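Chemist: Listed here are the chains, written in short residue letters.
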Amino acid sequence: MSAAHEFEVSRRGVLVVGASAAAAAAAAPAAAQGQGAEPPVIAKVSLEVNGKRRALELDTRTTLLDALREHLHLTGSKKGCDHGQCGACTVIVDGRRINACLTLAVMHEGAKVTTIEGLGQPGALHPMQAAFVKHDGFQCGYCTPGQICSAVAVLNEIKAGVPSHVSGDITAAPQVSVDELRERMSGNICRCGAYSNIVEAITEVAGRTA
Amino acid sequence: MKFDTPATTNPIDKLKVVGQPTDRIEGPLKVSGTAAYAYERHDVEPKAAYGYVVGAEIAKGRVGSMDLSRAKSAPGVITIVTAQNAGPLGKGNYNTAKLLGGPQIDHYHQALALVVAETFEQARAAAHLVEITYVGEAGEFDLAKAKDGSKPKPINGSPPDSKVGDFASAFAAAPVQVDATYTTPDHAHAMMEPHATIAAWRGDELVLWTSNQMIDWSRGDLAKTLGIPKEKVRLNSQFVGGGFGGKLFIRADAVLAALGARAARRPVKVALQRPLMINNTTHRPATIQRVRLGAARDGTLTAIAHESWSGDLPGGKPDSAVHQTRMLYAAANRMTATRLAVLDLPESNAMRAPGEATGHMALEVAMDELAEKLGMDPVELRIRNDTQVVPDGASEQGSAPKRPFSQRQLVECLRTGADRFGWSARNPRPGQTRDGQWLVGMGMAAAYRGAPTTKSAARVRLDTTGVVIVETDMTDIGTGSYTIIGQTAAEMMGVPLASVRVRLGDSLFPVSAGSGGQWGAASSTAGVFAACVKLREAVAQKLGFDPEKTTFADGQVRSGNRSAPLAQAARAGELVAEDQIEFGDLSKTYQHSTFGAHYVEVGVDPFTAEVRIRRMLAVCAAGRILNPKAARSQVIGAMTMGAGSALMEDLIVDKRVGFFINHDLASYEVPVHADIPHQEVIFLDETDPTTSPMKAKGVGELGICGVSAAVANAIYNASGVRVRDYPITLDKLLASMPLRA
Amino acid sequence: MRAFSYERARTPQDASIAVARTPEAKFIAGGTNLLDLMKLEIERPRHLIDVNGLGFDKIETTQDGGLRIGALVRNTDLAAHERVRRDYGVLSRALVSGASGQLRNKATTAGNLLQRTRCPYFYDPAQPCNKREPGSGCGALQGINRQHAVIGASQACIATHPSDMAVAMRVLDATVETLAPDGKTRSIPIADFHRLPGDTPHLETNLAHGELITAVTLPRPIGGAQIYRKVRDRASYAFALVSVAAIVQPDGSGRVAFGGVAHKPWRVEAAEPAMSRGAKAVSERAFTGAKATEQNAFKLPLAERTLAAVLAEARA
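Residue numbers (the working numbering), protein chains in the order written: chain F, 1 to 210; chain Y, 1001 to 1741; chain W, 2001 to 2316.
Derived by calculation from the structure, the hints in this document are not laboratory data.
Here the structure is a predicted model, which is why all the values come from computation and not from measurement.
Treat the hints with care, since some could be wrong.
As a list, the in silico DSSO-like pairs of lysine-lysine whose alpha-carbon atoms are at most 30 Å apart [to be verified]:
| # | chain 1 | residue 1 | chain 2 | residue 2 |
| --- | --- | --- | --- | --- |
| 1 | F | LYS44 | W | LYS2058 |
| 2 | Y | LYS1629 | F | LYS134 |
| 3 | F | LYS44 | Y | LYS1072 |
| 4 | W | LYS2291 | Y | LYS1145 |
| 5 | F | LYS44 | Y | LYS1163 |
| 6 | Y | LYS1163 | Y | LYS1145 |
Could you put together the complete structure from these sequences and hints?
Modeler: What follows is the structure, encoded as structure tokens:
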């Protein structure tokens, strides 16, 4: 280990000045190309969240997830990664589950959004919520709202005939099976590892609603 | 309460509430999105400003220059915290690298600045306008290279090396030998809730709503870092979205939120950005492990050696991968060695079952290799070498070598598991079993993890309506603390669980064991037990009963032929009792440990070498199981994490730059639903009166020990390919699996 | 993420012109890839034109019995469409093997074609990447490249294209329909749509700035066993190490395209006459000139073996 290997890099990792500079070629860092900080653009958007009309004025950059969590204080939808890689932010928009972190709030004018809070509350839990409690389909609870929103939507997707990667005959109507549930739920990561219990919870609800 | 003699019969033994598979008491809050985690405390700080962390973009060196002008003038920016303007900062006892870097940079993505703005969007945009130049230095990022310069380092307070008998001679003389080297990569905790904090100053007092496993450690470390008295810091972690050891300590979010709030003169909230987290926070270190086993032809081990190398930043700690090898199998001649290399990667630190998780990945595969060489069943090999005394006594704080295990049901775990899993159907010849297309194999491993206990306090209140309220700074990181603490109080006070409220995770409450090292369940409930004993005395006294002869059941307090409703004792005013459990020398007299056996069946695709786990079973002997439902979840979760270590988890080091390149949840792959089959867990009946009045141990870490090895052994049995370099991805199998037409 | 102005396009022509007018404008449809990259400032638009309202969300039968898929048809809907499942099974299979249910509900047909690479050096703005910052170098070439291209790469870039859908589109001989700012439409065969990296890895497709994808058309169905096999490190929700999209006819002839191996879906038509002779014969020709690194060399045998699995499945 020697300090002779000194080099300089800019914040963008491209500007190289130092003595024994590494291989990267010199280029102006993007951040230094004179774009300062543009003022935020504010836009109006109106959403129907859990049956209630909510009018918001938002920075256009606001994701649906941050609109829910930071503006409407509906923090049941979780921010696990903010990049569509974990599923903790799953909500149901116009009947479909999506990652709320990867969509802009302003793109959902008039949309009907169902969050975990809208599915049910303590004392009046949605059957899927109750089944998660019964089967201990969670531990730390952070991925749980996303898992439950996803699970509710998954059963509807199967009913609607949407195929999955594990559907045997892609032309046939998919059935509820543990393999189907596992594949379809795979966009919801649970690091506590409650998967086995989650599948049992969903299976029970599927049986009940079948 | 001092616990220094084995427990006799006590109110917990009624098992009316304790030991029942009760649903989690906080479950309805979690499934309805109403459990508020650190970043979500709009209820306490609705007007917090937003912080966004700027991380170092080199692995080692220093900041050449930092230009904040454009960021500062960006819309909405309130302040920017850097090492230059933060004032003098200390470093916490539990941190190796500084949480705010600069000018010196210790690792990639070490925090260099916090940009605080009115909105999250503004803070994030302005953070990209901070311009930093770096003066880089060469660093060491390659464990295999740095290994040669590594030094002995103690593990868990034990000496780095242990020796019994004469390993070298015995190994040389052994008719059957295994000498193999295994490597495990760096692992990320990847808990679902990022490290997050809201900080607010109330005068000279600092309040943090944060996500933390160890409230009192972190309270102290935060005070030390900021140079303020510990009494001036309050921490609250009422819900913690997973930790696995990654939240044992304060991290940059806590320190930077506190500094940001001071500079902004208003509350500030910070969540570490996921793409920053992996290099910014801690990880389980990679290991290189050499295991040598020598055995007689009947399978009796005569020589065991386990050497482990890992790396960390200067001042850091080694992985204690050799630990279970000092405990699991008898053999007259043995040695272990632990070496630590200096690496300039991000900080290595504890992750679920630190040491044993990696150690079993080597030892328990070596045992499988030995069984094959012996032509012996791997289960029988392990049974043959069972011991009821610590075989490597020299390693345990100088106590006598013949120290007994208080309970050791390893053989029962192995036999029960073999029976329930259908192990006898396994073909010991690898690569022979097909199910349709799939090559199918079974593997198993033994599991060992210590059962430490540590001081833990609680306060219990009986309010005027007869509700029992428990307060302790214990955390529930998904482990079930809320529920088992509630069950303990309900059992002790003779009330239904519904009459108990549990308040956790606040430094206003008595200091508990906290969540770590598998000590939380046994210790924290024992602390609640102690406080309840005091409350029972207070109740008896209030009712004029003889405390010695008073019983608590069904909401009634009885003494002789007198009885009164429990609530009556508090009618004139709330009764409060506080106590702590302190553990005496029983853990020196006895070795407290948990044992288990893992059985796994896998399929390997003969074309692509993709591996799919088909079945998993764990059998655990871990003292009294306080809540079989929550305990089972702990174990299946650990099995899932172990499956990840076996098959996919791998923080990949770019050894030129010195960082983990796969620093998000798309590229650091952890198991998803489709990777995990139905999992079975069996708890053996066990109570251990020497561990605590609860007679309990822990299971959360036992569950991960050995799983990965069982998967690896199953892959070998299915495919005939032995991979000693984790994770066992298909590229490592493919070359040795000729395509059979 | 830089501040940006946002408008909902009223007509396709307006949208195209609006983007063409400013070099820093972008279309947004599903947004699942664009917003991900905007958060990291890898994409830095100052103006977004939301094209979701343009009505390109229909799937129609073409005159020759093929299928015209609107650019905005969501991955879920495309995979679930009755005709796609019946006549273009490889496409349905490819779609459902990609991403997650949530992402497929948002992601669009056009957006899927325009997905950017998952190379970790591209994703880390502190690292050199010629695709992100032309001229800054390639971090992967001498770095970590297990996931990277084994064929068609250059000294400037060895990234792969991450799409599954595009691989199926390639084997189906799809055509990309576009509208240019000047009102002209054109049809780009999928083979000519994506580019190899060469010296300009930042140019990933042959679309002009402001050119809007309106639809993807599929020729009449050709029957056969249609199989998409994706191989990855975990069982779901992961990008391909290697994937194979194949259409195998009863007589053993057929077509095949590979994913996860190149900067674009990889199909060598000249290799396809060898289909009836088996995976080895096809792979040898399809990967002529391949150049693997030590870390990704396994992709070549893996591609061949995955194709062997596919052919075995087709026979069964």
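Chemist: Each hint should be assessed against the structure and marked as holding or not.
Modeler: Okay, the hints, checked on the actual structure:
{"no.": "1", "hint": "F/LYS44 x W/LYS2058", "result": "holds (29 Å)"}
{"no.": "2", "hint": "Y/LYS1629 x F/LYS134", "result": "holds (10 Å)"}
{"no.": "3", "hint": "F/LYS44 x Y/LYS1072", "result": "holds (27 Å)"}
{"no.": "4", "hint": "W/LYS2291 x Y/LYS1145", "result": "holds (28 Å)"}
{"no.": "5", "hint": "F/LYS44 x Y/LYS1163", "result": "violated (72 Å)"}
{"no.": "6", "hint": "Y/LYS1163 x Y/LYS1145", "result": "holds (27 Å)"}
Of the numbered hints given earlier, the model fails hint 5 alone.
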